Structures are given as structure tokens and as C-alpha cells.
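Student: Each chain, letter by letter, is given below.
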Amino acid sequence: MKRLLVTTAAALFAATAGLALATSAGAAECPSGEFCVWQDSDFGGQRANWSGDDGWWESWISDTDSSWANHGISGPGIKDHVKVYESAWQGGGMTICLAPGQEVGYNGAANDRGDSHIWSMGC
Amino acid sequence: MFRTTSRTRRTRRALVTAAAALLLSGCTAVGPDAPAAPGVPSGKAAQDALLKAAEHRLVVDCLSGRGLSLTSRPRAPDEERKLRAALFGAGPRELSVTLATGATVTAHEDGCVAGARQRLYGDQRRWFRAQVVVDNLRAEAQARMRADPAHRAALARWTRCVTPPDSPRPDRPDPAVATRCSRESGLDEVRERLEAAELATVRALRRDELTTYRQLRDRALRQAVELPAPTHPQKGTTLS
Chain E
1 MKRLLVTTAA
11 ALFAATAGLA
21 LATSAGAAEC
31 PSGEFCVWQD
41 SDFGGQRANW
51 SGDDGWWESW
61 ISDTDSSWAN
71 HGISGPGIKD
81 HVKVYESAWQ
91 GGGMTICLAP
101 GQEVGYNGAA
111 NDRGDSHIWS
121 MGC
Chain Z
1001 MFRTTSRTRR
1011 TRRALVTAAA
1021 ALLLSGCTAV
1031 GPDAPAAPGV
1041 PSGKAAQDAL
1051 LKAAEHRLVV
1061 DCLSGRGLSL
1071 TSRPRAPDEE
1081 RKLRAALFGA
1091 GPRELSVTLA
1101 TGATVTAHED
1111 GCVAGARQRL
1121 YGDQRRWFRA
1131 QVVVDNLRAE
1141 AQARMRADPA
1151 HRAALARWTR
1161 CVTPPDSPRP
1171 DRPDPAVATR
1181 CSRESGLDEV
1191 RERLEAAELA
1201 TVRALRRDEL
1211 TTYRQLRDRA
1221 LRQAVELPAP
1231 THPQKGTTLS
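If you read the sequences in order, they're chains E and Z. Take the first sequence: its position 122, counted from the start at 1, is 122 in our numbering, and no numbers get skipped. Take the second sequence: its position 62, counted from the start at 1, is 1062 in our numbering, and no numbers get skipped.
Please note: incorrect hints may appear among the correct ones.
Short, incomplete list of chain Z residues facing chain E, as computed with Cβ under 8 Å [unchecked claim]:
1) A1046
2) D1048
3) A1053
4) L1083
5) T1104
6) A1114
7) V1132
8) N1136
Using 25 Å as the maximum straight-line C-alpha spacing, the simulated PhoX-like pairs for lysine-lysine come out as follows [stated by the list, open to error]:
9) E:K79 - Z:K1052
10) E:K79 - Z:K1044
11) E:K79 - Z:K1082
12) Z:K1052 - Z:K1082
Source of the hints: derived by calculation from the structure; they are not laboratory data. All of these numbers come straight from a predicted model, not from anything done at the bench. Even for Gly, the Cβ is constructed at its ideal location relative to N, Cα and C.
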């Protein structure tokens, strides 16, 4: 189920085409149905995105996460909330739980702390 | 913009008595056993399912009205951008709540998801604030727990326990060793005790948000029950 994509093209396109900054317009550049984590705050830098769970984020994004977006799509029986944990395999405490459509551009407490996430029916 | 932190300061003085009252009354986080309105199921799981089905139905109708659907994947970049804006909104992020943990959670007031929640919950600003705060009560309690000296001390014992002699602290301790050390260092016991106490504290601190959460959720359940049957497309929508 795990699907992980590294996307730099979008960031590059935004820079070269002069699009509006992520902070000023529109939902974050995170595919519909997926959970996204960026290395930089305000949805900048390299992005990881998943449609499923990941018990241990790859090293380039684990403990370097700085912004998050849940673009999950709700539906009957669908796990659409995302819980982010500070240790692998959902250990060490939950730092944030996001419902579909919720985004966090920066979090002083959870910055560079995430190691795993899981989709769930609720928080 | 909402600021949870200012509320924290205002309510801190009432904390001790409120926490005691809450513990005595035996309140749960969201009161799933409250009497349900006619047609509303009584169990929390069934209520969640009803709300999700209703939100999904309203979102699909909304997308359909814009000539979009959730069905086709993969999507061309342009289609994906259009769908994302239709679902989650465009323009500035109007909804914002800063949690006590430091996270500022944001969302849009426009878009089909926001529209569905407005229809169900009646006041999406109040619902957004209540939902974000209540959804993160456990995260808030755990953040407070990690700041407790007893937890810091237990964590230090755990770290010494998982670190082999004459070696640096491992980034990823062996799971079996980590489990044994959690028990032997007392970390498990400290976490269990502190988390329960901190959860009671934050529930007392966020009593207003919990009340709003219950009220608006009850309203949404009644709305969900009364949604017209989905057999006929609503006026003005086009099926894709």
C-alpha cells in the first residue's frame, strides 16, 4: 500500500513560472487523496506523499519534516484522518492529528520530529 | 483568526476545580452516548459512518455541479489542480487555529469539503476550531507529559538502558530492547500515569471546545439523517 514519491518538479515549476507563494493562495500542492510532508515550512522544499500508512519514513524526510497537509478524501468506511508520530511504527507519542483538508505550515513543537504516520477513522 | 493560546491564559485559573468536576462527572471526550435524535444511530462508530457518508455525498454532489468527479485516476496535472482547488479551496486560508502544541492548523472556507461541513455543522468556523482542538487533545496531553520532570527522568533512564556500553546512543534501538527498557526504566508506568492526568487537565482546559464539538456534531447528525435520498440528481448539477 505504501507509495512514496519525491516531488521537486512542482517546486521548480513554482519558482520558474513565478506562481503565487503557497502561503498566499490555494490549497497546498498535495495530490487529492494523499498525505504530504515537506522538508521546509510553508509547504516548501522536497515533498513526500503517501496514499497509505508508513511506519518508518525514509531517512531524507524522517525528523526533517516541517509542514504537513492531509488531502485525504472522506467517504463511508474510509480512514481519512492522519496521525503523525515522533517515532517509527507509531511510537513515542502523536504530534498532530489532521482531518481531511487541514494543513499545517509550521509547528514549533513538532518541527523535524516526525517518523511515521497512520491513516485512521478519527483522531 | 482564532488563538487557542489566549484562551489558555484566561481559563488557567479555573483549571483545578474544572478538572475535579470533570473527573467526578466521568465525562468522555466527545460524549458518544448522549441521547440521539430520531433516526440518528446511538453508537459512535455508526454516527461517524453516517457523518462520513453525508459529507461524501455532499462533496460528490458539489464536484458534480462543477463538472468534476473523484473517479478517474491517474489525473493529468491540470485536472488534478482543478480537483484539488474544488475539493480543498483556493485563495487565502481563512480558517486557522493555533494549538497549545505550537501547530497552526489551517483550512479554506471555500471548496466542496468546506461547503459540505458548512451544510452539516451549520457554522464551519466554530466547527473547525472545535474539531481541531478536540482532535488534538491527546497530542496536547502528550506534549505536556513530555515536559514533565518525571517523564524527562524516565526517558533519560530509558536512553541509558538502550545504549550499549562504550557505544553512542543508537538512533533506532532494537524493538525488543526498546520494549524491555521501557518497562525496566519505568517509562511505561510514568507515561500511563502522566498521560491520564494530563488528558483530564486538557479536557478541563478545552471544556468550551468540547461543548461546541458535541453541539455541532449533534446538529450534523440530525442534518445527515434529513439529507434527501441520493437517487435523483439535485437541481443544477450535472453528472460526469
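Student: Please go over all the hints and tell whether each is borne out by the structure.
Tutor: Tested hints:
1. Here the hint on Z:A1046 is broken, as its CB sits about 11 Å from the closest CB of chain E, past 8 Å.
2. The criterion of a C-beta within 8 Å of any C-beta in chain E is met by Z:D1048, whose closest approach is roughly 6 Å, and the hint holds.
3. For Z:A1053, the interface hint holds, the least distance from its beta-carbon to any beta-carbon of chain E being 4 Å, beneath 8 Å.
4. The beta carbon of Z:L1083 comes within 5 Å of a beta carbon in chain E, closer than 8 Å, and the hint placing it at the interface holds.
5. Hint status for Z:T1104 relative to chain E: holds, with the closest Cβ pair at about 7 Å, below 8 Å.
6. Of the supplied interface hints, the one on Z:A1114 holds, with its beta-carbon coming within about 7 Å of a beta-carbon of chain E, less than 8 Å.
7. For Z:V1132, the interface hint holds, since its Cβ comes within 8 Å of a Cβ in chain E; the closest pair sits about 7 Å apart.
8. With a least beta-carbon distance of about 6 Å to chain E, the hint placing Z:N1136 at the interface is held under the 8 Å criterion.
9. For the suggested pair E:K79 and Z:K1052, the alpha carbons sit about 10 Å apart, so the restraint of at most 25 Å is met.
10. At most 25 Å may separate the alpha-carbon atoms for a hinted pair to count; E:K79 and Z:K1044 meet this at roughly 15 Å.
11. Proximity of E:K79 to Z:K1082 is assessed by CA-CA distance (about 24 Å); at most 25 Å being required, the pair is judged to hold.
12. Proximity of Z:K1052 to Z:K1082 is assessed by CA-CA distance (about 23 Å); at most 25 Å being required, the pair is judged to hold.
Violated hint for the displayed structure: number 1, the only one.
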